[in-house]
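There are 4 protein chains.
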Amino acid sequence: MVYFPEVEKIQYEGVGTKNPFAFRHYNPEEVVEGKTMKEHLRFAIAYWHTMTQDGSDPFGNPTNERPWFGATPLETAKNRVEAFFEILVKLDAPYFCFHDIDIAPEGDTLEEFYENLDIITDLIKAKMDETGIKLLWNTANMFSNPRFVNGAGSSNNADVFAYAAAQVKKGLDISKKLGGENYVFWGGREGYESLLNTDMKLEQDNIARLFKMAIAYGEKIGHKPQFLIEPKPKEPTKHQYDFDAATTLAFILKYGLEGDFKLNLEGNHATLAGHTFEHELTVARINDALGSIDANQGDVLLGWDTDEFPTNVFDTTLVMLEILENGGIAPGGVNFDSKVRRSSFAKEDLFLAHIAGMDTFARGLKGAAAIRKDNFLSDLKAKRYASFESGIGASIVAGNEDLESLTEYSLKNGANIKNESSHIELVKSQLNDYLV
Amino acid sequence: MVYFPEVEKIQYEGVGTKNPFAFRHYNPEEVVEGKTMKEHLRFAIAYWHTMTQDGSDPFGNPTNERPWFGATPLETAKNRVEAFFEILVKLDAPYFCFHDIDIAPEGDTLEEFYENLDIITDLIKAKMDETGIKLLWNTANMFSNPRFVNGAGSSNNADVFAYAAAQVKKGLDISKKLGGENYVFWGGREGYESLLNTDMKLEQDNIARLFKMAIAYGEKIGHKPQFLIEPKPKEPTKHQYDFDAATTLAFILKYGLEGDFKLNLEGNHATLAGHTFEHELTVARINDALGSIDANQGDVLLGWDTDEFPTNVFDTTLVMLEILENGGIAPGGVNFDSKVRRSSFAKEDLFLAHIAGMDTFARGLKGAAAIRKDNFLSDLKAKRYASFESGIGASIVAGNEDLESLTEYSLKNGANIKNESSHIELVKSQLNDYLV
Amino acid sequence: MVYFPEVEKIQYEGVGTKNPFAFRHYNPEEVVEGKTMKEHLRFAIAYWHTMTQDGSDPFGNPTNERPWFGATPLETAKNRVEAFFEILVKLDAPYFCFHDIDIAPEGDTLEEFYENLDIITDLIKAKMDETGIKLLWNTANMFSNPRFVNGAGSSNNADVFAYAAAQVKKGLDISKKLGGENYVFWGGREGYESLLNTDMKLEQDNIARLFKMAIAYGEKIGHKPQFLIEPKPKEPTKHQYDFDAATTLAFILKYGLEGDFKLNLEGNHATLAGHTFEHELTVARINDALGSIDANQGDVLLGWDTDEFPTNVFDTTLVMLEILENGGIAPGGVNFDSKVRRSSFAKEDLFLAHIAGMDTFARGLKGAAAIRKDNFLSDLKAKRYASFESGIGASIVAGNEDLESLTEYSLKNGANIKNESSHIELVKSQLNDYLV
Amino acid sequence: MVYFPEVEKIQYEGVGTKNPFAFRHYNPEEVVEGKTMKEHLRFAIAYWHTMTQDGSDPFGNPTNERPWFGATPLETAKNRVEAFFEILVKLDAPYFCFHDIDIAPEGDTLEEFYENLDIITDLIKAKMDETGIKLLWNTANMFSNPRFVNGAGSSNNADVFAYAAAQVKKGLDISKKLGGENYVFWGGREGYESLLNTDMKLEQDNIARLFKMAIAYGEKIGHKPQFLIEPKPKEPTKHQYDFDAATTLAFILKYGLEGDFKLNLEGNHATLAGHTFEHELTVARINDALGSIDANQGDVLLGWDTDEFPTNVFDTTLVMLEILENGGIAPGGVNFDSKVRRSSFAKEDLFLAHIAGMDTFARGLKGAAAIRKDNFLSDLKAKRYASFESGIGASIVAGNEDLESLTEYSLKNGANIKNESSHIELVKSQLNDYLV
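Protein sequence lines correspond, in order, to chains A, B, C and D.
According to full-length UniProt numbering, the stretch in the first sequence is residues 1 to 436, in order.
According to full-length UniProt numbering, the stretch in the second sequence is residues 1 to 436, in order.
According to full-length UniProt numbering, the stretch in the third sequence is residues 1 to 436, in order.
According to full-length UniProt numbering, the stretch in the fourth sequence is residues 1 to 436, in order.
Chain A with its partners taken away, still in its complex shape (with noise of 0.2 Å):
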């Protein structure tokens, strides 16, 4: 069944362009330095937010139309199917990212949901080879079923930890079949709602416990996707213990897994951690850590994760410069972990915002690209950290001083030392010149 028959194939036409539905700035097979832009962006598109994702919110019910409900939950997982393939071609999306209960229903047992899940990654498999369109990662829900209360790889009661455990084998088993390039952990109710409760140490230890257990049943199987721990500060639990880039390393570090696992980075995760996404970025990437990311954005006066479709060029401009300058995401991607607002329920909108998104991404990566083409902000730094290249700066880099000979230096060298002005104001004026 064709879901969309009003949509076309969506077209790259340009800025002029009064079509909607249409592409003003991602041009897919555009070079730029060296790579088409379809190769630096790896789009992948969400099934949770673009298939089940219903409109609804805390204080209201479901608005959004979508025309794909059956009798069944498993036909309406059928439906899905096609309707996200129709998708994903329609809007030239390379990749695709999904939760275990997103594709198919949990169903009453265990068996039955592991039934249900090969009987849909049975019609995924079979739409992948027919489309060509890969899987970026997978993982697996473990938070919103009430058996994960009190968290999954920290819960409090053994037998939902031993739960937990056989959805990621079986999410390793799928992503083997799928031929997933990452897998990821999202720690959706790992953390704590109280801490007069909590025994941290013994969640933290666990949920290691839990991620090396996965790295093992990946070398059994002979598959070995990039694992991603994404981080996010709170929501839905008061703390959550990945609660950015920088704890999620010392989390990676303290259990010595930093030769298996990368992160995947989200825009309102970092914002609600207080940092800017290029900050995230950038501490994954002088970290050897920049996995992925989750390309959505925030609203930095809520409080709260909106998950909206990134619209704001700045960002994406500062992100792309940062994926630049890791030489690249892959293989990890952009993907868009984006929901349509709540008012925007018809069923094209899924569509109007994927190719909102994109385009802000694509004017992201020229923006970025026409940066580094100028040098400019490389050229700014290398100044501004020159004295560190010669003499004693070179010298402290190379480990040659210590207190005592730089306090020697410093008692010749005196207490006037010489600062340069960051002339900052007209930097950032000059960063808006190169908006695309």
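A hint or two may mislead.
[Unchecked claim] Cβ-to-Cβ under 10 Å is the rule here; a few derived chain D residues that face chain B:
hint, residue
1, Asp57
2, Pro146
3, Phe148
4, Val149
5, Gly188
6, Glu193
7, Ser194
8, Asn197
9, Asp199
10, Leu202
11, Glu235
12, Gly303
13, Ala386
In case anyone wonders, no lab produced these hints; they're calculated from the structure.
If you're wondering where the values come from, they're calculated on a predicted model, not measured in any experiment.
All residues carry an ideal CB built from backbone N, CA and C; glycine is no exception.
Since chain A is already given, all that's left is putting chains B, C and D on it; use the hints.
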């Protein structure tokens, strides 16, 4: 000279007293869990807020009435030593802390600064010998002088790095001279104003270089205080590298500093980072990194560091609970990094405010001890995590399970896993009965 | 049917009790300042959180165990009346509150909704007559149904406005039928998602039109409850028009509603707006607009409405102080707009949580009364503002001065004006002694 | 004396220029919507940030290189006039603003302050006559001097109130002398540190008394500038009474000041209150209270007033859209209440930063005009609210409906009301095409 002739040594008079210059809860020699309150709390007074803070803020001029200003900066510095020890003695505070520039004028050259420091530390040493009061920690202020506009260890200017090193060397020499039990690094401007012109990797590498030089110099001079890093998320810079406890632990682990460095945690810095104070203490404790605390409180509805004297007995109860769980805070202590409000400008407010803080922590200590005596929270947790003490849970913790064995277990165990209600509202209400 | 056979009527047993199903502080008939606690506190229980909240959140499915689901929505609705009054009676709560859709299914048509409401309100009325429990307020839910996606009174769709009016009419009819003492408007979606497509003036004019229609209809049917507006700054919309008490007062003044409307203030809404709860009460009180309160608390480190049961005795002490200053809260009351945490899913948590809240407010009442008995804060203020009781201050207040006379006065009086220290740290520490 | 000999009058050179001392977007004489950019924008430069801000912050000493310090405060003040007008002329800024203490030393007595003000305003007047540059507004600084520790109009000390009145009188005399077009009240410490010792009603009544004295005095001397109140939610006090636009409107309405007072809105104050800048402008505009703007920006991830020069073209586009909708901002203007970052300490940064701000607002003006030319948002709104232009909607707006008639309508109209999707993601993406 006596600066507070109207203030006697502060005595414990108990709750009924109408005397504002008396302790209502802090009874230094009262024994709690086998130690005196004085031994538990290890109170320290901060030179900067007590002796040099003037009541000014970004919108207003000094208000504080302070009777120790002399004809020259050095004379003022000498008067301050006299006044400070009068305060310490009258409050019966066993410890104090300072930055280098708090105690002595910087002068025009590094030599002059060194000389001033020598003069003043001689006076301080004499006072310490006379009174038995000890140095909890000292540190170098590497953020106020304009040379540190872009940081110290993280400065883009190698000469500034060298100057910082010279301050740290002197700081460690002073620590040895005065028998300092800890040495603190607070990264006042170790962070960035804008990512656009920042090389985060070089900056963080350089900070680590400075810390390693400090370790090496301490070893060389045969004086090894506990090194402490004090996290803060922002202010004065837009982003401080030592954002919170977890971020700082990531830094410590990355650069292999875990043998020498622990954390100095501050209440207001915790809340600015989006955490409770007790959260930060827990994170440090379970990572064997709880070094010392700056015992102030902030206003969670404000976005800057207000450094208020602690008066919230909820908070101090939970903080003292963590400290008792940690087996005490020594060689660290409870330092009041707190300043009187601008409207509390009378000189005697220095006493009233410290009494308020000391009483509030004494309440916290007594409340925490009562909670422990009843096993109120420990029983709660033991029951809550009991499933990891036997059966499948114990086997998980022992490392005997993997994804496959847990899948097998879960298939048998079934999907309807029973959790217990947390009754968290009851727990929170019962906690109130322990507020002293 | 009895839904909680294992729960007896909750009795006051005092602080020593180990019985979790007993009041430790709330003693309904205990007299404080000449009135019983029950008369002071006028507790109300909220139908929505107690009867319909299911423990779900945006990331998870329902967890709450509730024994009243029937074969049809209407049967469930009938069971809920039974269960609700069992809870009210066993908690000895004199009041309750509800939205229209809490008590009765909406059905497919407005007629059907009206019919269902008639059926259920007949049952409720019988229960009220039987128990003597009264209706503090009711309201119309004009935000959950998809038709209200863009607001009710502020909708861009005139048909939606009309539908909202029809709900308000029925709400007032019900209010008359049940003797409601107040009628509340909470502007659930009266705000905007984006200013780009919003005509704020028209939307606010329309809300005022709806309110004036309500006043007129109340007059017509001879039933005049106190109308209340409940401020909230955001959530679900990005911006709610009734941001806080002051903003809502501006609205009330602009549209000339001050004779008919007061405020229903909520603790968690206050903190989301950047205010303490007591601030909002003070603003309302000094503008003769303190109508009623929703007595929950939030987590100030989180950015969304957590609607927790109040357990913070600081807050409740200051809140009750405002209510006593106001001469009481009647005809309003203390309504628990609070929901059990997702992990407190047992049915008996409904009792435990309300007991926690009622005890916490009883502590607050006793603490506030003790503060007033000692004239602790009133004396402080009287002394602090004494300069406006005589001399130039009294003349200013009497309106006898102008810029010229005050200039003349100041030229004589001189520039060195002496202020008194606030000793605010002492005040805050002494306040702790009043925590019950 | 010439203070910036190396800086020529700044010229418009267009986007391609490499000259940092040139406008790339601001072309004063370019006509937009029938007026020149200069007439639209009415740029003003703030004396305080430009002439007296020294680069210090609560953690650091001054960094700014400023060449105008003389041997005495009065000499420095005279030099500043010279330097300030050099800056104004070279930037072609038509307006300026100041607090009384920015321009002249306070001296030891009120008489001395008056004399200093007379001397300096004579110099300023001469410069104004010479250059044609005008006074947008002046104000009295009633928050920096220690006498204002507890506020000015809201002080608990009647002598302080009187002193404030004397400053306001002089401020109005100066306004008359210099032809000031507006007169501003920013309530720097009109708020509270703690509610415990605050009589909010008396304090707010007194502020209103001061404002009414100002109105009366203006009438008496025959000089009636537009009075403006500048909202800010917090900082320096915990709570400022003029929290935001809506709160200030409540105050204006309560005290009957609406004929004489409008609002001076600041970007960073808006975000500190939880609002976008454009929100505050909209609130003011629809209440006929949009007076003037302080055109800075903040960092939404920080919790204090950073007063940055505006460089965000999104924000300035939306702000200029509001100003164009308002029919312009006159007699107000666009005042840069912005300070260079501490690291931009070179004296020429004063030019670079203002150029950045002026260019960013010029971009905003051009973008807003393009949006209006295309009727992009006005068409969107017209269509969105069309239902209120005819039928039942028009009847509601006309006041012809009541709850009963609308109930009757709704019973006929049915419950299945159709709304239109907002397509808001498309709208936001299209908006990007208007960024200049």
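Each hint tested on the structure:
Residue-level restraint check for D:Asp57 holds (minimum Cβ-Cβ distance to chain B is 5 Å; threshold 10 Å). At its closest, the beta carbon of D:Pro146 sits 4 Å from a beta carbon of chain B; the interface hint therefore holds under the 10 Å criterion. The beta carbon of D:Phe148 comes within 7 Å of a beta carbon in chain B, closer than 10 Å, and the hint placing it at the interface holds. Given hint, D:Val149 at the interface with chain B, holds; its Cβ is 5 Å from that chain's nearest Cβ, closer than 10 Å.
Because the beta carbon of D:Gly188 sits about 6 Å from the nearest beta carbon in chain B, less than 10 Å, this interface hint is met. Hint on D:Glu193 holds. Least Cβ distance to chain B is approximately 6 Å, under the 10 Å limit. At a threshold of 10 Å, the smallest CB-CB gap from D:Ser194 to chain B is about 8 Å, leaving the interface hint in force. About 9 Å separates the beta-carbon of D:Asn197 from the nearest beta-carbon of chain B, less than 10 Å, and the hint is met.
For D:Asp199, the suggested interface contact is broken, since its CB lies about 15 Å from the closest CB of chain B, more than 10 Å. Annotation: D:Leu202 was flagged as interfacial toward chain B, and the flag is violated, the nearest CB pair being 17 Å apart, outside 10 Å. Annotation: interface hint on D:Glu235 holds; nearest CB of chain B at approximately 7 Å, less than 10 Å. Given hint, D:Gly303 at the interface with chain B, holds; its Cβ is 1 Å from that chain's nearest Cβ, closer than 10 Å.
Using the Cβ-Cβ criterion of 10 Å, the hint placing D:Ala386 at the interface with chain B is not satisfied: the shortest such distance is roughly 42 Å.
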